[in-house]
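Participant: Chains as they are written, first to last, in this note's numbering: chain A, 1 to 368; chain B, 1 to 279.
Worth flagging that the hints you see were computed from the coordinates, not collected in a lab. Predicted, not measured: the structure shown is a model, and the values here were computed from it. Every residue, glycine too, gets a C-beta built ideally from N, C-alpha and C. Certain hints may be false.
Below, a list of computed lysine to any residue pairs in the SDA-like style, where the Cα atoms sit at most 25 Å apart [unchecked claim]:
1) B:Lys-114 / A:Gln-275
2) A:Lys-260 / B:Asp-198
3) A:Lys-71 / A:Ile-58
4) A:Lys-260 / B:Pro-274
5) B:Lys-135 / A:Lys-61
6) B:Lys-58 / B:Gly-14
7) B:Lys-58 / A:Gln-357
8) A:Lys-260 / B:Gly-43
9) B:Lys-132 / A:Thr-355
10) A:Lys-276 / B:Leu-91
11) B:Lys-135 / A:Lys-71
12) B:Lys-110 / A:Lys-71
13) A:Lys-267 / B:Pro-274
14) A:Lys-267 / B:Phe-112
15) B:Lys-114 / A:Gly-272
16) B:Lys-187 / B:Leu-91
17) B:Lys-58 / A:Ser-256
18) A:Lys-267 / B:Ala-104
19) A:Lys-146 / A:Val-158
20) A:Lys-204 / A:Ile-58
21) A:Lys-61 / A:Pro-283
Every beta carbon over 12 Å from chain A, so not counted as near; a handful from chain B, in silico [unchecked claim]:
22) Tyr-85
23) Trp-90
24) Lys-187
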Amino acid sequence: MKQSVTVNKTQELKLAGAAKAALSKFKVKSPKFDLKTFLRKVIVPLASILLFIGLWHIGAKALFNIEADYKIQKALTDQGQAAANAMAACIASGDISCQPNTLPSPAQVWESFNTLIADHKVISADKLAFKEKTAALNEKRISEGKDPITYTGRPSFVDQNFTSLNTVFAGFLLAFFIAVPIGIIIGLSDTLRNAFNWLIQVFKPVSPVVWLLLVFMIVKTMTKDSNSDSAFIISFISVGLCAMWATLVNTAMGVSSVDKDYINVAKVLKLGPLQKVFKVILPSSLPLIFTGLRITLSVAWMVLIAIELLAQSPGLGSFVWEEFQNGANDSNSKIIVAMFIIGIIGFLLDRIMLTIQNMVSFNKNATA
Amino acid sequence: MAYLELKNVNKTYGEGKSATEVLTDINLTIEEGEFVAIVGFTGSGKTTLVNLINGLLKPTSGEVLFKGEPVVDTSHERGVIFQNYSLLPWLSVGQNVAMAVKVAFPNEKKAFIKERVAQYVEMVNLSPAINKRPKELSGGMRQRVAVARALAMNPEMIIMDEPLGALDALTRGNLQDEILKIWSKDKRTALLITNDVDEGIYMADRIIPLRPGPRATLGPEFKIDIERPRDKTELNDNPVYKKTRNAIIEYLMGIGEERKAISKKLYELPDLAPKSFVA
């Protein structure tokens, strides 16, 4: 455990460094140094992060001890005192072969993160070398009308992040292009809204897994004769279908609940039906549409992991599942790394959407 | 032929048992170039009356005739200034006005539209704020934008639904003068709905009280025989002004008393005495 504590300290140092960087930025913004704001904006969040890591560390240690005691006890009952002593010594020595399998400590997770980054560097270098090696050959193959040789090695963790982002982006676009137009049409007509309401209410709560299976049934048949990447198609369509409901409902609501004053203006100005939709109804429902899109994006990112996991599509979801199946010594900590990365990316996506929302809508007070 | 004519107009909201009769037996004639004010209590159905005239609502029975033709829809000939400004918040001042100009002059070039927008924004003294959003403006400025938007469409008749109701006294006075100036410049027909008798007397040729609803109907008209341009400060000493004002207020108060008399029901209060904490 000693080692982990020292690593923990370096981690703290790094966090302190980040805090200093944040502080310098803060200072640039307001030349007057305000202790109260500094406390509230830098020290308090920092303290809460440290508290979180501390609690996690203590919890992981406790779980580690329970697991270790159980292992020693089992050795004692199965093979006698000598084996138990050997097991205790083995655990204490930190040997990989006998480590208890439980919640990893923050230090282990940090270590795994570094391992994954190092692994990524190795794989990228490998990829680059491969590209250089095959460049001439590929050119020749293309000129001959053949497919170029592509790198088929294992994707790194970072590559998988981008694959996942790619899938989410495709799914989000699909959701956008389905939900917004349908939402507008449904919102404009009471009759259509009543006609489709049951469908929305019934399909909205359906689990991502079921959507995946449904999409699988259809896509499997549709792509029978093609050699395209059906796993990607299945996962992005499922993500889109799961996530589009928030946008659909919000768009329909935004369009149907436009302020009556604005409708009166449209009537008095005698705008045509299309002008009325594009110049009055849509702008006034933009804030709600964007709220829906924000929810859609975060739902898409959330269900993506489950869907990738089941669809065998490469990405963060399958990374997590493979690591779990793998059961290697550092698998658990890699899963936790993935968890944090998923969380951080999700947070960033939400922030991006919020920024866009504030840029396009007249309603400037949208917040998290 | 009267310019605008309302014949036995009734307006009922809802149907069957839940129907509420808002306006009953409204008869009104406005001649071309006239400035008519309708004065009434809040909730007496003034906005309903306005919407019937501008074409947003249809009468349940009776006829609304504009230049002899029944009103079936809104028209660019009748410009409306709404009570709550109704500016589109995502457009700037200029864009709000431009939207109206574009639909009123669909065949004109961009330069014409731009010039007309600038001209009308200038007219209401908002040129420095032409690129601002309604949210950044004060209530008076917003109402001026609404005035500019309505007038930029070059309507033959201006219908104003308590346009100055939400403004403070000073801004109100200024805008009254501005509206009068515009009205007298090319003698458009104007209908002003207001709850302020003084405003009506200062601005209008005729004042017609609206008896409070439900079943609201128009009362007898009061002619304002005061020469234009009227001066606000001198108006207070004008005997005609005093007489007319008193007559209108007396009439309105009379309605108020009548209303009270109707609701002179006795309510029996429960026999409760406050608890004594001393004993």
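Participant: Of all the hints given earlier, name the ones this structure violates by number, lowest first.
Facilitator: Going through the list in order, the structure violates hints 2, 4, 5, 7, 11, 12, 13, 16, 19, 20, 21, 22, 23 and respects the others.
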